[in-house]
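**Q** Let chain A serve as the given structure and place chain B on it in line with the hints.
Number of protein chains: 2
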Amino acid sequence: MTSTRRTLLAGIGAAAALAPMMALQRAMAADPNERIGTQESHDALGTAPDLQMYGSEVVAMLLYPGFTALDLVGPHFFFASMMGATVHLVTNGADLSPVASDLGLAISPTVTMADCPKDLTILFTGGGLQGTLNAMKDTATIDFMVDRAARAKYVTSVCTGSLILGQAGLLKGKRATSHWAGREALSMFDAIPVNERVVTDGNVITGAGVSAGLDFALALVAALRGAGYAQALRLQAEYAPEPPVPGGTPETTDPQIAKLMQDMFAPFPAMVQEAAATRRL
Amino acid sequence: MTSTRRTLLAGIGAAAALAPMMALQRAMAADPNERIGTQESHDALGTAPDLQMYGSEVVAMLLYPGFTALDLVGPHFFFASMMGATVHLVTNGADLSPVASDLGLAISPTVTMADCPKDLTILFTGGGLQGTLNAMKDTATIDFMVDRAARAKYVTSVCTGSLILGQAGLLKGKRATSHWAGREALSMFDAIPVNERVVTDGNVITGAGVSAGLDFALALVAALRGAGYAQALRLQAEYAPEPPVPGGTPETTDPQIAKLMQDMFAPFPAMVQEAAATRRL
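These protein sequences, in sequence, are chains A and B. Just so you know, we're using my numbering here: the first sequence kicks off at 296 and counts up by one. Just so you know, we're using my numbering here: the second sequence kicks off at 296 and counts up by one.
Same shape as in the complex, but just chain A:
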């Protein structure tokens, strides 16, 4: 039960099955040959420069209780829109029950950790707050990350998901980033914290907080399919940001608001320390 897409266009593959009362199972098994545009229009796109139209990437995105949904759904849009890629939503739970995010929005996994493919193109985890700390303390989850990372082409995270990579020993000596509230805590895992939007060190790619997942994913699409393909998906997502208020980083936010938000997050590094202490030596 994967979301393999053979079309560039988001989800058109499921068109035939998308009657309002359809069952989830039916959607997952939908005819992938249904799509908008002709075969010719799809093949024509493949003639653009620096653009590999088809691929067979295998992506695993970790779901754990308390994850931040936007950390995952941003990259999912881009990964699942790559024609031919297969995206698995991997629960660290015992069964395929929906996994509730930190804000209550629950997403259905497609596979358990045990059933997740062994060899991955992309291993991904998003972040969260208490939920991420709980995942760090869960031996089975960390064992899963260690195992799949050993063979994955790319080992990746967005937001405080990098703390999970750190807990799994995957960031030793590596440059990495995280949500601003957790970035310096990366040094607890012998990582080198870097204040950049997307940080690449070897095959480890980490994104900054929450919304950085969009930039992170486009960078990874460009690495896998070429900058032309990433530009096509950027256009599909109409990603031409115009935030209506200033800020976005502690450095660019109104100092009074930034200080108050930093004060609110101040307990977080100590919470990370406590979770980190539970890892095996």
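One or more of the hints may lead you astray.
Any copy, or any two copies together, can satisfy a pair, since identical chains are not distinguished.
Stated by the list, open to error - Within a straight-line C-alpha distance of at most 20 Å, the following computed EDC-like cross-link-like pairs (lysine to aspartate or glutamate) qualify:
#1 Lys448 - Asp558
#2 Lys554 - Asp345
#3 Lys432 - Asp442
#4 Lys448 - Asp338
#5 Lys554 - Asp338
#6 Lys413 - Asp345
#7 Lys554 - Glu335
#8 Lys554 - Glu569
#9 Lys448 - Glu352
#10 Lys467 - Glu352
#11 Lys413 - Asp390
#12 Lys448 - Asp496
#13 Lys413 - Glu352
#14 Lys448 - Asp438
Treat the hints as calculated values from the structure; they're not laboratory data.
**A** Leaving out everything else, chain B in the frame of chain A:
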């Protein structure tokens, strides 16, 4: 079963219940008094200028088969992070089964249309492609939108969700936007298509394609809670975009790639026309 949040910080409220094996139900009912930061640090934020800390907004976000998950999850992050707001995920299905998005990622609704509160602060729908057309043809879905819009403080959409608003007769004579592939089709509903990121006309607020949901939601948060609050949430989302490839709109994308993408989406307006023809006069 709502995702009421009394804390600014995404999901910290659910901390106590977020053990890996927890049930969804438990997460939904989690103790909202658990949070990062002290009560004092939260109250301190309320002293910042142009920032209303607490509120009691009631938000309804429509889920239908084939919706684009990122259209909804972007705004959900910001709406659900407003302290005191209640966000309902409203399925147009018969029960609370997970609703599959166009790319296969399925989200659990929290309420059916019948059980959705009558009086809303924000009525929201995201877009999609075939799934959106199917929703436009579904009488019960359109009836629901008409009814709730009549009393909602804000009637809103992201991406091709504006086609659903149009089908419900909510855009007559209104300036509105949509995904670039569907924007001109808004004229079929007597709307005035506008090529802007976020368009406000009276109490109708529409966002452009997919990723525009982040800008759209921040604009709405600013309207409800002040620009200071929006700035705080922008910082929480670390929304300081740095797309790694050019483009994002047809006008700014490499012309060859833009042309090929536009060709691929070329059949869409005719599909909208066919769906629009099913509406009651």
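**Q** Checked against the structure, which of the hints given earlier come out wrong?
**A** 1, 4, 6, 8 and 10
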